[in-house]
Amino acid sequence: MSFVLYILAALTVAGGLAAVLLKNTVHCALALTVAFAGLALLFLELDAQFAGFAQILIYIGAVAILVVFAILLTRGSETPKGSAYSHSPLVGLVIAACVFAVLGWAVLHSTAQLPPGTTSATPTVTVADIGNALMTRYVLPLEIVALLLTAALIGAVIVAMHEKEGSR
Amino acid sequence: MIEKADQIFVLLGHWLVSFLPAALQKPALVLLAVVAIIVTFPALFAITVLLERKGLGRMQNRYGPNRVGPYGLFQPVADGIKSLTKEDIVPLSADAVVHFLAPVLLVVVVFMGYAVLPIGRNMTLVNLDAGILFFFAIGASSELSVFMAGWSSRNKYSLLGAMRAVAQMISYEVPLLMSSLAVVMITGSLNANRIVDAQNQYTYGLPHWYIFTPWGFAGFLLFAVAATAETNRSPFDLPEGESELVAGYFTEYSGFKFALFFLGEYVGMMGISGLGTTLFLGGYSAPLQVLGFVPSWAWFIGKIMLSMCVFIWVRGTLPRLRQDQLMNFAWKFVLPLSLLNLFVAAAWRFMGQGFLRWVVCSAVLLIAYVVMARVGMKREHFGPRSYRYAE
Amino acid sequence: MAGPLWLIPTVPIVASGVIALLKQPRRKLASNLAIGSMVFSLLLSLVAFAHVLSGWMHGALVRETSNFTWIHVGTTPLDLGWVLDPLSAVMLVMVTFVGLLIFIYSTGYMAHDENYTRFFCFLSLFAGAMLGVVIANSILLLFMCWELVGLTSYLLIGFWYLKPSAAAAAKKAFLTTRVGDVFFLLGIVWLFGQTGTLLFYHGGAGSMETHALTALLLERSAFGLSAATAIGLLIFAGAAGKSGQFPLHVWLPDAMEGPTPVSALIHAATMVAAGVYLIARVYPLMQAGMPAGGTTTALSVVTWVGAFTALFAALIAVAQNDIKRILAYSTVSQLGYMMAGLGVGGVAVGMFHLITHAFFKALLFMGAGSVIHGCHEEQDVRRMGGLRSRMPLTFGTYAVGMMALSGVPILFSGFWSKDGILEAAQHFRLSKGPFYMLVFGALLTAFYMTRQVSYVFFGSYRGHAHPHESPKSMTLPLAILAFFAVALGAIGTPAWPWFRGFLNSTPVAFGLSGFDEPGLLALMGTSTVVVFIGLGLGWWLYGNKSPHADQPDVLEAAAPPIWNALRDRLYIDEFYGATVIAFYWWWAKVADWLDRDIWGGAVAGVSWLFKLGARLNRFLDANVVDGTFDKGCEEISVGGGLLSRMQSGRVQTYLRLLALAVVLLAVILIWSSRA
Amino acid sequence: MTPLSGYLLVAALLFAIGLAGALTRRNAILVLIGIELMLNAANLNLIAFWRYGPHPEALTGMMFAIFSIAVAAAEAAVGLGLVIQIHRHAQTTDLDAINRMKG
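Chains as they are written, first to last, in the numbering used here: chain D, 1 to 168; chain Z, 1 to 391; chain B, 1 to 675; chain Y, 1 to 103.
Keep in mind the hints are simulated off the structure, nothing from the lab.
It should be emphasised that the depicted structure is a prediction, and the values quoted were computed from it without experimental measurement.
It is possible that some hints are incorrect.
[Unchecked claim] Computed spacing ranges between beta-carbons, pair by pair:
{"hint": "1", "chain 1": "Z", "residue 1": "Pro-70", "chain 2": "D", "residue 2": "Ala-14", "range": "27 to 37 Å"}
{"hint": "2", "chain 1": "Z", "residue 1": "Phe-100", "chain 2": "B", "residue 2": "Ser-672", "range": "52 to 62 Å"}
{"hint": "3", "chain 1": "Z", "residue 1": "Ala-347", "chain 2": "D", "residue 2": "Leu-149", "range": "22 to 32 Å"}
{"hint": "4", "chain 1": "Z", "residue 1": "Ser-254", "chain 2": "D", "residue 2": "Met-161", "range": "32 to 42 Å"}
{"hint": "5", "chain 1": "D", "residue 1": "Leu-140", "chain 2": "Z", "residue 2": "Gly-376", "range": "31 to 41 Å"}
Where is the CB? At the ideal position from N, CA and C, for every residue including glycine.
Looking at chain D on its own, in the form it has when it is part of the complex (with noise of 0.2 Å):
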């Protein structure tokens, strides 16, 4: 339980409830951001390297870059006039609560249980590791994920593709 991770706890919660309150849309995107790199610090702290770098490849360099995009595509970058909140926010946060309730108990309840013993031993993960794996064990699922990410690119771009005039 060392002190970097308070550190880095800190500034992910940060980063995430200031995505989730604040008013501005490109101000909650960067926030967002900063979320996303606290995060992949957390994936350092805990050794997974290369995780971690592909989380800020990945969520910073794209999809940060998306989002605001579409902010900007959306007109969304001027503040709202009215609220922020859609109607009865409370509800929302009340059930938002409610769920974080439930996994807390579930994590404090479970994890009081387990054997201590497991918790030392950094494991040793070499980025080619990690490449064989995904090239024997795990080789189906990426191609399905392969196929996935095509088949998502291809439909991002026709769904927002703008349609010709007259096609309407």
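We have chain D; now place chains Z, B and Y onto it with these hints.
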């Protein structure tokens, strides 16, 4: 003696930290290295700026800066002082926080990239197992700062410039990655040092640089194009196209923040040329075995400066593209070719030694290049606008 | 050798299939494909021909077949197969060769047509089908290809389907030939029923071989005819339909609406000859039980019909003004000659005329096409004239063709082939009628050809266009055909009756002894005289003077009624119109009346009853059922409203419910697990 | 309290935050942002379990995380495309305004 010259900085560092208690030595060493980087590359940046201004001047039949000091050698210093002392204007309607954070983030990110570059033998700040990936991840997040700068300025030129820049960076990041992947694939490692070591060997005194293989050569060209676009250098400098958007995403920046952007841009260029050097030009290894006595870091710096000169040369030579041409070029020409290059590299790997693979690989790449260029020209892929901003 | 024979028709068909897939702009490729396939077929045909020839040289009758069972219908197998014998070999070479020339010609003629590719698609499809007819050893296969040929002919006549006349002509051709084909089919079925085999030659078991034939002879049918005769007649009806024999000739002249290459290939050289070929193919059946030196009923019918057609069509041809119609009618009459030749003189005589005619008639048609092309789609001979100087090449070749057709002695093939027919007709036992008809026909032939040529090529030009010589691709085939129109005569002279020998596979030797036959020289003299009378007459009436386009024809001035009768094709079409078509019209009316008034009335009554019932029903509904039903509906809708309140259409509401559900589930899970 | 539970709690908190965002924000894009947060929380869980699980060398959790990252990228692309399309049709991204499916 040669060994000493080669390792001079390492030894120096160790000597310096040796005064500290053992517990602090390791962090101190790191700190030292960081400082060294943060000092060295801005210095190079100053030289480059001078070089660029003078070189461009020559190319355009005029003297460059020649007033400050002998041959205007102190021009960068003057510029630095000027930009430091200038008033820092922040537009009233601008989003102050983001407006401030943008250049900082850029510079930070850009400098972070150097962490994994082997500047010389045993001169890698953090020898990461996934170094190249790290570099790209960091590079990707520089787009964010560009966007922040453009958006926070509340200025349509800035915004358009930023959107252009981001779109362009995203588009060219893909071929950049793809062309580097070939190297990674061949080396079998994402570790920069390993990649350099793989190239740092000689037959008949000639190096095993990847640029001296068909796929490596093609990959290097693609990488160079993508890198030029990635760093918004001409001919891909639309985001800063003075004729259309005053100065692109840092129109509203002045004083030190502008200087930071300036710095960030050039240091980023150096960083990415450092990556290119590492990937294709054998990193810090000497071009000929007989030149091995020259210290490795000198080679690395030399190669970086050389590529900077190329950047300058290109800027002085080529006209600027149009936005849709830019996009089509990325998606319809560079990306397919880099994908093909990946396959060719794989083929190269499995065609064993011998002469045949040279012929086959070069032939495939050459034919693909010619055909695609022809088709692209005929179909006028560089034709009507294909890219839209917010409607 | 018979094995790979199937390639010959298949290749053009495949080519046509490929062309059908081509896009409109790929014109060059399309024509090249078609021509290439034809070249291929021609080469194969030549190989086959050489094979047969060598066999004949060694004094053996070459008849190789390759048969296989196509499908079993119930237990009876339907056999297909192909045969290679002198007949098919000669026919193959002729069809492929003429076809190839006409293909080449078409590239020039159709150069400006936007449906170029379609044209070549149809053309090579036709070529394939025709070749299929030629090599067929199974009457079923023959019939299939026969119909396919009919189809392509229909498609090509109606090629310019935007012209109503063309569409009508296509329909007419299709239906008229159908009439013949129905009989043909009957014949086929009967033959199959009798002999139990579809194959012509099947090592003794074929329907054209003695075993089957004798059986057929013994079989009696209506009017005391032997089955052989009856079947023969039925098949001849089919042949008459295709070959435009009286009374089914009406479609052929109208078929000239199609593009000229089509007229040349299909309606002069090959398809119309298919009928003749069919008769030649089933000749054993036709002549089954022929007494020595005598003839059979079937053959005599063939003879009479042929001779009559020859004369009758020649008469009509005299009074036509459309350059292509003249040729069309002359084709009909020449086909009559062939039929008569088959009837009186056996296969060789008819086939020889078929071959020579194919060449010079194709030549004439293509010449006419060249003229039309040169005069910018002008077809009326009266609006031409003096083209001799304007298109010399066309004129030269056309003259050759014309002389071959009218049978100018010694030099031209037409003379020898026609002479063979006349000679055979002279020895016809039953009567001399056919002979005189044919002789008179020959005279008329010479006459109307002279008339046409002098109209078109002599005198002064009376049109408004600016005639010009046609491109190489059109004139070159003309030249080649002209050469053959002359040269082919050499293989059929009495002195060296090579062709006959080849077909009957009997050895031939060169020797003037061939002329010693009694009456042969006299006959040749007669025909020569006749021909020259025709030519002279024609030249005297029309030669070199150029009547104005609208002023009446010389003969018209002389005898208007006859002229009009001839010009209106002896009112055959009108006759059909007044009888057959009128009958159908009337019958259709009757059927319509029945439908409308009897059945229609009944249906109307029933429906009225139903309507009544429906009205009643509706009344009940409106006043009894609905009252209660609507109430129920309201109740339900009220209840539904409550439920639908939840369906707020807001995504987040759903999300919330989802999350809530998850929470509840988790809680339940945990609780249950603890308990 | 073990480090594992620490990470898990962070993940749970992040998940709850994301959920709250998704449930309460008006703007469709922000709802998507919330969903992204939830996904990331899940990733964190996976990685944490991988790290403190009995068999880290089996890489299972890591792989799941990587795959889910990849899938999340696709999800984001499609989702944002949909949002843009919705904006084109309804001229708004306000989820309360888009209730055409109201029963």
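message: Tell me the hint numbers this structure goes against, listed in increasing order.
response: When the structure is compared with the hints, only number 1 turns out to be violated.
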